[in-house]
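Sequences listed follow chains V and R, in order. Note that the first sequence ends on residue 264 in the working numbering; no numbers are left out. Note that the second sequence ends on residue 295 in the working numbering; no numbers are left out.
Calculated from the structure, these hints are not laboratory results. Just to be clear, a hint being listed does not mean it is correct.
[Stated by the list, open to error] Taking lysine-lysine and the DSS-like style, the derived pairs with C-alpha atoms no more than 30 Å apart in a straight line are:
| id | chain 1 | residue 1 | chain 2 | residue 2 |
| --- | --- | --- | --- | --- |
| 1 | R | K220 | R | K251 |
| 2 | V | K109 | R | K110 |
| 3 | V | K260 | R | K251 |
| 4 | R | K138 | V | K109 |
| 5 | V | K260 | V | K109 |
| 6 | R | K110 | R | K138 |
[Stated by the list, open to error] Distance ranges between label pairs, derived from CB positions:
| id | chain 1 | residue 1 | chain 2 | residue 2 | range |
| --- | --- | --- | --- | --- | --- |
| 7 | R | L278 | V | L122 | 56 to 62 Å |
| 8 | R | G62 | V | L122 | 38 to 44 Å |
| 9 | R | R176 | V | G154 | 42 to 48 Å |
| 10 | V | P25 | R | E231 | 45 to 51 Å |
| 11 | R | E57 | V | G154 | 49 to 55 Å |
| 12 | V | F186 | R | L278 | 43 to 49 Å |
| 13 | R | A10 | V | N213 | 55 to 61 Å |
| 14 | R | D164 | V | L252 | 47 to 53 Å |
| 15 | R | G12 | V | L122 | 30 to 36 Å |
| 16 | R | G12 | V | F186 | 51 to 57 Å |
| 17 | V | L252 | R | G12 | 27 to 33 Å |
[As the list claims (entries may be wrong)] Examples of chain R residues lying across from chain V (beta carbon under 7 Å, computed):
| id | residue |
| --- | --- |
| 18 | R73 |
| 19 | G80 |
| 20 | F82 |
| 21 | D86 |
| 22 | L101 |
| 23 | L104 |
| 24 | D105 |
| 25 | L256 |
Predicted model only: the values in this text are computed from it and were never measured. Note that beta-carbon positions come from the ideal geometry of N, C-alpha and C, so glycine has one too.
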Amino acid sequence: MSTTYAVRDSVTMLRRNLLHWVRYPSLAIMLVAQPILFLLLFVYVFGGTMGAGLPGAPTGADRTDYLEYITPGILIMAVASVALGTAISVAMDMTGGIIARFRTMDIAKVSVLTGHVLGAVLKSLVAVVVTLGFAVLLGYRSDASVGEWLAAFGLIVLLTFALTWLTVGMGLAADSVETASNTPMFLVLLPFISSGFVPTDEMPWGLRHFAENQPFTPMIDSLRALTSGHSPGNDLWLAIGWAVLIAALGYLWSRRLFTKVPAR
Amino acid sequence: MMEVSGLRKAYGDHTVLDGIDLTVPTGTVYALLGPNGAGKTTTVNICSTLLTADDGEVRVAGHDVRRESDAVRRTIGLTGQFSAIDELLTGRENLRLMADLAHLDRATAKASVDALLARLDLVDAADRRAQTYSGGMKRRLDLAMTLIARPRLIFLDEPTTGLDPRSRRELWSIVREQVADGVTVLLTTQYLEEADALADRVAVLDGGRLVAEGTPAELKRQVPGGHVQVEFTDGRSERLASDGSVASLRKILDGLDDSEVAGVTVETADLDDVFLALTGHPTTDATTEEKEVLA
Ligand SMILES: Nc1ncnc2c1ncn2[C@@H]1O[C@H](COP(=O)(O)OP(=O)(O)O)[C@@H](O)[C@H]1O
Ligand SMILES: [Mg+2]
C-alpha cells in the first residue's frame, strides 16, 4: 500500500466521519455543551470566592480573574470531551458490518482509524473556538500575541492527537458502545485534579503529589502561560513529551487492536 | 479462480470446518448449500481474508489469502450475510465512499455510481439515508457497494435470505449479468432452488464437512424428487416419497380413502430432502416450499 493511497483513504474516511457528525449532531452538541456548562458553573457559582483566593491575587480580585485562571483548563476539557465522543463513535462503527467490508478491500488499513482521528482534531478545534467564544462573552481577555495563540493552538492539536489515539483504542477495546462511553470518562474528570481549577499547592499532600505529576497539569500550565503572554518554560517540554508519549502508545495499541479484531 | 484445500477451523474444541476442498472455475457460479451453522459464513470469511484458518490453503487468482492478502483484496468483493452499509449516509454517498476507496477517478466514480443506482433500482431513494431503506433495498445497495470496484470474484453470503420472491429473482438476474461479464461468484444459500437456478456447481456442507459436490443435476439425481404430505381427518399426517410425476401422484392418491383425507400437499425436493438423502438426518433448520395444494 503506497503512501499516496494512505493519505487518500484517510481523507475519504475523514469525509465519512464528518458526514456522520452532520447527520447525527446531538452527540456533538452534547460534547461541546459539557465544557461550557462547567465554565458557567465555575465562574458564576464559585468564581467570586475562588477569584479572591487565587495566590498572589490583588485585593478585589474577582470572578474575571478566576475566569482567566480556569479558561485553559476548560479548553482542555473541551478536547477531552471530544475525545470521549471519539471512543463512542469508534465503538459504534465496530458494531456495524461496514468495517468487515473495509477489511476485505485493498485500502490503507489504518485509514479507518485516521479518519476518526482527523475528524476529532477538527471537532476539537471547533469545540475549543466555541468554548473560547463563550469565555470571551463572559469577560475573558488575553494579553497574548498572535504568535503565542498559534503556539497555544499547536499545543491543543498535539493534545487532541494524543487523547484521540488513546480513546480510539478504548473504543476498539470496548465490548459495547456503553462501555466505550464509560471508560474515557476519567479524561474529562482528570483536569479537576490538576492545576486547572485551583493551584496545586492548596491541595492536601497526596492529591497535590498526584496533581503535580499528572500529564494534564503541565499541559494546562503551558496553555495558561501561552494565552496570558508568559513563557511556559519547562512545562511546555513536559507537556509535549507527555502528548507524544500518549499519542504513540495510543496509536500502537489501537493499531494492534484493529488488526486483530476478528470478523463477526 | 479459487482453490481451497484442507481448510480447517475450530473455536476452542468446537470444530467448525473439518477439511474443506473446493475448486471454483473462472466465470462460473459455485454454490455452498447448507443449513444454519454448517460453516458457510466461516468458509466465506476465510476465503475473503476476514478470518485466518487453522490449517489448509486458499488461493484466489493464484494468490495465497494469508500471505498475499492485498493482492487477493484487489480481486474480490464481499456481500456478507449481515448488512454492511453505512446507515447514516445516503445510498449515493455509500456508493461514492466505495468508489473513492477503490481509487476510481472522479469521472469514473460518478458514472459508476449513477449506473449502479439505475441498475439496482435505487435512483428514487439515492439521496435518502440508507437507514430508511427496506430490507430488499439495503441488500441491493450492499450488492452495489460490492460491485463498484468491479471485483473479479464475488462472495455472496446468503444473498436472498429474508427477501420476497420478486426481490430474489431480481437479485438472481443481477448475478447472471455479472457472470455474463466474466465474473466468478461463490454464493452460499439454504435454498436448493436457488443453487439449482444459479449455480454451475454445488457443494453441500453439513457440520463443517462437504457431504456432496457436483452439478445441480448430479445432486438432484441423488435425491428423491420431493414428497407428498397427507393430512388425515383424524389429525394424523404422513410424508410419502414422490418424484412429482403424475404416475407417482396417481399411485399415492389411489391408495387413499376419500373420507379419511383432509388435504394433500405436493412438495418439491427441499434442503431437508437433500440432507435426508445425503446424510441420513434432517436439517435442524428446514425450509419447505409449497408447490401446489390439492384437496
Ligand atoms: N466467533 C465464533 N466463536 C465460536 N463459534 C463460532 C464463531 N463463529 C461461528 N461459530 C460457530 O461455527 C459454526 C458455523 O458457523 P457459520 O460459519 O456462521 O455457519 P453458517 O454460515 O453456515 O450458518 C456455528 O456452529 C457457529 O456457532
Ligand atoms: Mg452464515
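*Against the structure, test the hints numbered earlier, and report the numbers of the ones violated in rising order.*
3, 9, 10, 12, 13, 15, 16, 23, 24, 25
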